[in-house]
Amino acid sequence: MFIEVLKSKIHRVTVTEANLDYIGSITIDAELLDAANMIENERVDIYNITNGERFSTYIIKGEAGSGIIGINGAAAHKAHVGDLLIIASYASMDFEEAKQWHPSVIFPKDNHLR
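Under our numbering, the letters of the sequence shown match residues 688 to 801, in that order.
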């Protein structure tokens, strides 16, 4: 049996830009991606702490060290500059393997690693 488990989480980052005129996605600082064990084009779920919205999209790698968290396309209606987000990705794995699994979870400060 396979189950879905938390793979990676970036906890409490702030949206720095929102661009409606874009195909879609979330742009995330490359340093945050590396620290959270996430990659470009990976599907992520976005939980907006500020307004309660939840949505899924895919990652675009942003400039390392920039602190960028950019919401692109239609999702820009669900998150605005200044909103606090949780960004999570999940993995499918064997039930027994999942019992031993430990996700990568980071807690950035001002959208940067400490």
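FYI, nobody ran anything at the bench for these hints, they're computed from the structure.
Errors might be hidden in some of the hints.
[Said to hold, decoys possible] EDC-like, lysine to aspartate or glutamate: derived pairs with alpha carbons at most 20 Å apart:
1. Lys748 <-> Asp721
2. Lys694 <-> Asp770
3. Lys786 <-> Glu691
Status of the hints after comparison with the structure:
no.: 1; hint: Lys748 <-> Asp721; in the structure: holds (10 Å)
no.: 2; hint: Lys694 <-> Asp770; in the structure: violated (23 Å)
no.: 3; hint: Lys786 <-> Glu691; in the structure: holds (12 Å)
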